[in-house]
Amino acid sequence: MSLHEQLKTRRRALSLTQQQVAMRVGMTRQQYQRLEAGGNPRLDTLNQAADGLNARLMLIPIEKWHAVLALLDEGLSSRPPLDVDPWQGLLDDEEDDNGQ
Numbered sequence: 001m002s003l004h005e006q007l008k009t010r011r012r013a014l015s016l017t018q019q020q021v022a023m024r025v026g027m028t029r030q031q032y033q034r035l036e037a038g039g040n041p042r043l044d045t046l047n048q049a050a051d052g053l054n055a056r057l058m059l060i061p062i063e064k065w066h067a068v069l070a071l072l073d074e075g076l077s078s079r080p081p082l083d084v085d086p087w088q089g090l091l092d093d094e095e096d097d098n099g100q
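If you count by full-length UniProt numbering, then the sequence shown holds residues 1 to 100, one letter each, in order.
No wet-lab data here; the hints were simulated from the structure. A virtual CB, placed ideally from N, CA and C, is assigned to each residue, including glycine. Heads up, some of the hints might be wrong.
Per label pair, the in silico range of CB-to-CB distance [stated by the list, open to error]:
1. GLY38 - LEU16: 14 to 24 Å
2. GLN33 - GLY89: 42 to 52 Å
3. GLN33 - GLU74: 31 to 41 Å
The list that follows gives simulated cross-link-like pairs (lysine to any residue, SDA-like), each with its CA atoms no further than 20 Å apart [as the list claims (entries may be wrong)]:
4. LYS8 - ASN47
5. LYS64 - SER2
6. LYS8 - ARG42
7. LYS8 - ILE62
8. LYS64 - GLN18
9. LYS8 - GLN33
10. LYS8 - MET58
11. LYS8 - GLN18
12. LYS8 - ASP51
13. LYS8 - THR28
14. LYS8 - PRO61
15. LYS8 - GLY38
16. LYS64 - GLN20
17. LYS8 - LEU57
18. LYS8 - ALA50
19. LYS64 - ASN54
20. LYS64 - GLN30
21. LYS8 - ARG24
22. LYS8 - GLN20
23. LYS8 - GLN30
24. LYS8 - THR45
25. LYS8 - VAL25
26. LYS64 - GLY89
27. LYS64 - LEU53
28. LYS8 - LYS64
Using the sequences provided together with the hints, build the complete structure.
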């Protein structure tokens, strides 16, 4: 996946519009739109956009690429389902049959 596609995918995962990301980082919507459309931005512009998406740019050595992908895939498969209530059982104060 290209960097431009990753920006778009990340923005959508955060449920943000291009305008919202642009406002977060202090650029116009048109400037941000060009990033997602495959423009040729400067590195500092990419870093700025990544910050607005709560992400970081990284250089990964080619020989480590597959190991990084495997770790990311493993992390995704070990996550609990999104419909699990994170608060359930936290205080270990389940009600008895009398509602107390």
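Going through the hints against the structure:
no.	hint	in the structure
1	GLY38 - LEU16: 14 to 24 Å	19 Å, holds
2	GLN33 - GLY89: 42 to 52 Å	45 Å, holds
3	GLN33 - GLU74: 31 to 41 Å	34 Å, holds
4	LYS8 - ASN47	15 Å, holds
5	LYS64 - SER2	18 Å, holds
6	LYS8 - ARG42	17 Å, holds
7	LYS8 - ILE62	23 Å, violated
8	LYS64 - GLN18	32 Å, violated
9	LYS8 - GLN33	9 Å, holds
10	LYS8 - MET58	17 Å, holds
11	LYS8 - GLN18	9 Å, holds
12	LYS8 - ASP51	14 Å, holds
13	LYS8 - THR28	16 Å, holds
14	LYS8 - PRO61	24 Å, violated
15	LYS8 - GLY38	11 Å, holds
16	LYS64 - GLN20	34 Å, violated
17	LYS8 - LEU57	14 Å, holds
18	LYS8 - ALA50	11 Å, holds
19	LYS64 - ASN54	23 Å, violated
20	LYS64 - GLN30	35 Å, violated
21	LYS8 - ARG24	15 Å, holds
22	LYS8 - GLN20	13 Å, holds
23	LYS8 - GLN30	14 Å, holds
24	LYS8 - THR45	15 Å, holds
25	LYS8 - VAL25	15 Å, holds
26	LYS64 - GLY89	40 Å, violated
27	LYS64 - LEU53	25 Å, violated
28	LYS8 - LYS64	25 Å, violated
The structure is inconsistent with the numbered hints 7, 8, 14, 16, 19, 20, 26, 27, 28, although it conforms to all the rest.
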